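Chain by chain, the residues run as shown.
2 protein chains.
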Amino acid sequence: MTPNSFSPEVTNPEILDIADLPAAAIAQHLAAMRPADAIEVLNNLDIDDTVAAIAHLPHEQAVRLFDQPELRRTDDILEHLPLDLAGSILDAMSADRVTDIFQELEDPTRTRLFVILNPETKAALKKLLHYPENTAGSLMTTEFISVPATWTASRTLQYIREVERSRETVYAIYIVDPTTKVLQRVVTLRRLITSEPDAPIISVGRDETPVAISPLTDREEVARLFRRHDLLAVPVVDDDRHVIGIVTVDDVLDAMTEDMTEDAYKFGGLEAIDKPYMEIGLPEMLKKRGGWLSILFLGEMLTASAMQHFEVELEKAVVLTLFIPLIMSSGGNSGSQATSLLIRALALKDIKLRDWWKVALREMPTGIALGALLGAICMIRIAAWQTLGFYDYGPHWMLIAVTVAAALIGIVTFGSLAGSMLPFILQRLGFDPASASAPFVATLVDVTGLVIYFTVALIFLSGTLL
Amino acid sequence: MTPNSFSPEVTNPEILDIADLPAAAIAQHLAAMRPADAIEVLNNLDIDDTVAAIAHLPHEQAVRLFDQPELRRTDDILEHLPLDLAGSILDAMSADRVTDIFQELEDPTRTRLFVILNPETKAALKKLLHYPENTAGSLMTTEFISVPATWTASRTLQYIREVERSRETVYAIYIVDPTTKVLQRVVTLRRLITSEPDAPIISVGRDETPVAISPLTDREEVARLFRRHDLLAVPVVDDDRHVIGIVTVDDVLDAMTEDMTEDAYKFGGLEAIDKPYMEIGLPEMLKKRGGWLSILFLGEMLTASAMQHFEVELEKAVVLTLFIPLIMSSGGNSGSQATSLLIRALALKDIKLRDWWKVALREMPTGIALGALLGAICMIRIAAWQTLGFYDYGPHWMLIAVTVAAALIGIVTFGSLAGSMLPFILQRLGFDPASASAPFVATLVDVTGLVIYFTVALIFLSGTLL
Chain B
1 MTPNSFSPEV TNPEILDIAD LPAAAIAQHL AAMRPADAIE VLNNLDIDDT VAAIAHLPHE
61 QAVRLFDQPE LRRTDDILEH LPLDLAGSIL DAMSADRVTD IFQELEDPTR TRLFVILNPE
121 TKAALKKLLH YPENTAGSLM TTEFISVPAT WTASRTLQYI REVERSRETV YAIYIVDPTT
181 KVLQRVVTLR RLITSEPDAP IISVGRDETP VAISPLTDRE EVARLFRRHD LLAVPVVDDD
241 RHVIGIVTVD DVLDAMTEDM TEDAYKFGGL EAIDKPYMEI GLPEMLKKRG GWLSILFLGE
301 MLTASAMQHF EVELEKAVVL TLFIPLIMSS GGNSGSQATS LLIRALALKD IKLRDWWKVA
361 LREMPTGIAL GALLGAICMI RIAAWQTLGF YDYGPHWMLI AVTVAAALIG IVTFGSLAGS
421 MLPFILQRLG FDPASASAPF VATLVDVTGL VIYFTVALIF LSGTLL
Chain C
1 MTPNSFSPEV TNPEILDIAD LPAAAIAQHL AAMRPADAIE VLNNLDIDDT VAAIAHLPHE
61 QAVRLFDQPE LRRTDDILEH LPLDLAGSIL DAMSADRVTD IFQELEDPTR TRLFVILNPE
121 TKAALKKLLH YPENTAGSLM TTEFISVPAT WTASRTLQYI REVERSRETV YAIYIVDPTT
181 KVLQRVVTLR RLITSEPDAP IISVGRDETP VAISPLTDRE EVARLFRRHD LLAVPVVDDD
241 RHVIGIVTVD DVLDAMTEDM TEDAYKFGGL EAIDKPYMEI GLPEMLKKRG GWLSILFLGE
301 MLTASAMQHF EVELEKAVVL TLFIPLIMSS GGNSGSQATS LLIRALALKD IKLRDWWKVA
361 LREMPTGIAL GALLGAICMI RIAAWQTLGF YDYGPHWMLI AVTVAAALIG IVTFGSLAGS
421 MLPFILQRLG FDPASASAPF VATLVDVTGL VIYFTVALIF LSGTLL
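Chain order of the listed sequences is B and C. Heads up: the first sequence at position 372 corresponds to 372 in full-length UniProt numbering, and the numbers run straight through without jumps. Heads up: the second sequence at position 309 corresponds to 309 in full-length UniProt numbering, and the numbers run straight through without jumps.
One thing to keep in mind: the hints can contain errors.
Stated by the list, open to error - Heads up, simulated DSS-like pairs for lysine-lysine below, C-alpha to C-alpha not over 25 Å straight-line: (1) B:Lys275 - C:Lys349; (2) C:Lys287 - B:Lys358; (3) B:Lys349 - C:Lys275; (4) C:Lys349 - C:Lys288; (5) B:Lys288 - C:Lys352; (6) B:Lys349 - C:Lys287; (7) B:Lys352 - C:Lys275; (8) C:Lys275 - C:Lys288; (9) C:Lys349 - B:Lys287; (10) C:Lys349 - B:Lys288; (11) C:Lys126 - C:Lys181; (12) C:Lys288 - B:Lys349; (13) B:Lys181 - B:Lys122; (14) B:Lys181 - B:Lys126; (15) B:Lys275 - C:Lys358; (16) B:Lys316 - C:Lys316; (17) C:Lys358 - B:Lys288; (18) C:Lys181 - B:Lys358; (19) C:Lys287 - C:Lys275; (20) B:Lys352 - C:Lys288; (21) C:Lys181 - C:Lys127; (22) B:Lys275 - B:Lys288; (23) B:Lys287 - C:Lys358; (24) B:Lys288 - B:Lys352; (25) B:Lys287 - B:Lys275; (26) B:Lys358 - C:Lys275; (27) C:Lys352 - B:Lys275.
Hints in this document: simulated from the structure, not taken from any laboratory. A quick note: this is a predicted structure, and the numbers were derived from the prediction, not measured.
All chains should be built: construct the whole structure from the sequences, respecting the hints.
Here it is, written out as C-alpha cells:
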C-alpha cells in the first residue's frame, strides 16, 4: 500500500449516482457519512435536491451539517426549507455559525427567519452580529462552560455531563467568582477527571491568570495566542473580565487559512476573494483584478514620463535601453524579497514597529552586496559578449559595463530598502503590512530605478556617449 | 479600557532586571510564569544564565519549558546542562519534541545524550527520526491513548486517569481490536464522560471509520484534514492500520504557520529561512536571497538579448522604448495575480491538476478583458498627452497608441495564462506549486512580453515608423 493510495477520504464514486435517488434515500446515505463528506455531496447537488435531502435528515444530523462552515448556499437552503424546520435548525446550531449565516442572509429571508428564532438564539445573535469581521468577536461562540469557584470537582463534572450536548467545547471550563462573575481560572477537562472528586474546583486549575482576549482582538493576534500558549479554546472577556464567549481552535484553523489566502492574494496584487476559484464569475474576477491592475498601471505610467525626461540621452545612446528591463526587474525582485521577509516578521511579531531603523541598517549592506553581485555578473556578461563577438556595445563598452553595474548597486539597494520599509509604513498608517504587494513594490522601484539608471549614466558617460 | 491596552501577555518590565538576579531567584520567577512567558525570558538571557536557571527549576517545570518549540538554543542548553539532568529532561519530554531537538543536535553532544536516554525514549526517537521533514511522521508523537475494544467506558476512564500525565492528549481515545490491534474507532473524552459507565467502549464512539493518516502524509494535507473534520488529534497508522502515533492540533498550528512563512518567502522569490529576521546573519541572508536573485538575473538577461535582436527597430523608433517598462510590468502584474490565485486554489484543493484546461479557458477571456482595459487607459493617456501638448509622440502617434494597446492585450493575456499554468506545471513535475514566485513569473513574462511588443510594432508600424 503506497502512501498515495492511503487517502482517508471517502472519495465517493457514488456521488453522481446519489443525485438520481429519491430525497429520502439520499438523506439515508448522508446520515451514514462523515459530516465533511456529506457536505461535499450536498455542495454538488442542485439546490432543490439539497433542500429535499436536508428535510429528510434526522434533525440532529441536519444541525451537524449546518454547523460546518464548509456547507455552501446556506442562504438558498434556508430560504427553501419549511420555515419551522429552518428555525429549529438555527436554534439548535452553535451561535457562531448562526451569526456567520445571518451575515450572509439578505432580506426578506433574513427578517422572516429572525422573528421565528427562540429568544436565546435571538439574544446571542444580536450580541455576536455587531462585532466587526476579523475580530475575536466575529469568531466567538456563546456556548461555553463556566461554573462558580465554590463548586467541587465532582459537581462540575456532573454539570458538564448535563449540558455537554449544547456546548461547543467542554475541554476548557471557566471558573468565575460566584458573586462578581469575574473570570478567575481555567480548568481543563483532563485536569478535572484526574482530580479528587471533593476538591474545590478552584484548586484544580493551575494557579495563574487565564489567557483571555477582548472581543475586538484581531483574529491574527488570536491565532498567535493559540500558538504561543497551545490553546484549544480561549475565553473572550469584557472590560470587567466577565466571560462573554469563547473562540475554539477549529475556528482559528479556518481563520488562519482564510488569512493565508487573503495575504497571498494581496501579495500577488489583487483583492481578497472568499470563494473557490472556479466559482468566481468573470465580472467579479475582472473587478478584483482590474482595479489593482489599473492602479499599478497608472503608477507605472510614471516610467514613461521618466523616460520622456531622458529622451535626449536615449536618442544618443540607444545601447542604454538594452539594459532597462534587466535593471528594473532586479530592483523589483530585491524589493519583493525584502517585502516578503518583513511582512512575515511583522506578522509573527519577530520585529516591532519601532525597530524599523535596525532593519534599514541591515537591508542597506545586504542591498549593496546583492547589487554588487548582480553588477559583477552583468559586467562579465558584457565583457564576454563583447570580446567573444556576440554583440558590439561600441567603443565605450567598458564604461557602459561600469555604468550598468553601478546602477544595479544603487537600484538593488534602493529596492531592498523600499521593500523592507513599506510594510512598516503601512503598519504605521494603520493598514495591514501584508498589503505591500510584490507588484506595488516593483512599481515603486521601477520609476525610481529608471531615474537612478539615467543619473548614473549621465555621471559616467558624459563626454563620451552622452 | 481600550482593546489595545488589553494585551493578555505578561509584557514583563522586569525581564531585564531578572537577568541580574542569582540563578535560583530567576528560576523562582520563571516557575510562576506561563510557559510562553518564561520562554521569552529565557530566550533573552545569555546562555550561561539560561542553563543555570533551568538547572534550578523544579524538574516538571523544566520539562514543560523544553516541551515548547519556542525555546531556542536547546542544543546549547543541553550541551551545558549536567548530563544526568539533560537525560532526565529528555526522557520526560514528549517524543515529538525530543525528535525535533535531536534533529538539530550535532555530534558529539548528540551521541553523548543519546546513550543515556532510557530505552523507551531511544525506541521512540529511532522510530520518529527517520521520517522526512514536512510529513505527518515528523509531526507525530507516540504518547497517545489506545485501549482494547473489549473494555468498558469506566475501565477506560480509570486507565486515562492513571496514564494522563504521560500523554500528549487524552481528548481522543483510540479503540483497537484486542487481538489484531487494528484501529477500529475513535472515542472523544467528552463522549466518554457522558456515557454509561458499564457501556462497552466500542459502543461509545460514532459508528464510522476514523479519519487516519499515513506517516508519510504531507503536513499541508494533514492541516487540511484537521480543518475538514474539525479534529483535535489524528491517528497515524501503518499499512495494516495499527496506530503508531498521533498528530495534535497544536503541532498543526505551528506547522501551518511555518508553511505560511515558507510560502510567503517562496512567492517573494527567496529561499525558506526558519529563524526570525533579526537572527539571520548577513552571510546567510545573502545566500538565501543572492541565489534566486542571480538566477532571475540570468533569466532576465534574455531581455537584453531580445532587445539586441530588435536593435534596428529601436534605432528607428526610440519612442517605442518609452513604453517598455509599462508593458513589461503589466505582463508581470497580471501574471503574479494569476499565480497567487492558482497557488491557493491548488493548496486548498479547490482545483485538481486535471482541471488545468478549465482554468486556461477562464484565464484567456480574463486576460483579454484586462489587457483591453489597460490598453484603453494607455490610448487615452497617449491621446491626452499629444492633444494637450504635454509630449509629442510624432505624426504617427495614433498608430503608436494602437500598437501599445494591442501589445498590452497580448501581453496581459500571456501573463495571465503563463501565471496560471505555472503552478500546474510545477505540481505536475512534483514541485510545490507555491514555488511559482512573483519574480519568476515576471521574468518569464518579461522576455516574452518584449518579443510580443516588437512583433506587434512590426505589424502595425511597418512602412511608417519602422
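Task: Proposed proximity, B:Lys358 with C:Lys181 (alpha carbon, max 25 Å) - done: Not OK: C:Lys181 and B:Lys358 at ~57 Å, beyond 25 Å, violated.
Task: 25 Å limit on alpha-carbon distance, applied to hinted pair B:Lys288 and B:Lys352 - done: violated (31 Å)
Open item on the list: Check whether the Cα positions of C:Lys126 and C:Lys181 lie no farther apart than 25 Å.
Closed with: Between C:Lys126 and C:Lys181 the Cα gap is close to 22 Å, so the pair holds against 25 Å.
TODO: Take a quick look at whether B:Lys275 and C:Lys358 sit within 25 Å of each other, Cα to Cα.
DONE: holds (17 Å)
Task: Hinted pair B:Lys181 and B:Lys126, Cα distance within 25 Å - done: holds (22 Å)
- [ ] With a cut-off of 25 Å on the C-alpha distance, tell me whether B:Lys287 and B:Lys275 pass.
- [x] Answer holds: B:Lys287 to B:Lys275 is near 14 Å, not above 25 Å.
- [ ] Decide if the proposed pair is consistent with the structure: B:Lys352 and C:Lys288, CA atoms, cutoff 25 Å inclusive.
- [x] Cα-Cα ~23 Å, so holds.
- [ ] Assess, step by step, whether the Cα of C:Lys287 is no farther than 25 Å from the Cα of B:Lys358, and give holds or violated.
- [x] It holds: about 20 Å lies between the C-alpha atoms, which stays within 25 Å.
Task: Holds or violated: B:Lys352 to C:Lys275, with C-alpha atoms at most 25 Å apart - done: holds (16 Å)
Open item on the list: Can you confirm whether the C-alpha distance between B:Lys288 and C:Lys352 stays at or below 25 Å?
Closed with: holds (23 Å)
Open item on the list: Given the hinted pair C:Lys275 and C:Lys288, is their Cα-Cα distance within 25 Å?
Closed with: Within the cut-off at roughly 12 Å; holds.
Task: Given pair status - B:Lys287, C:Lys349, alpha carbons within 25 Å - done: holds (24 Å)
The structure does not agree with the numbered hints 4, 18, 24 stated previously, though it agrees with the rest.
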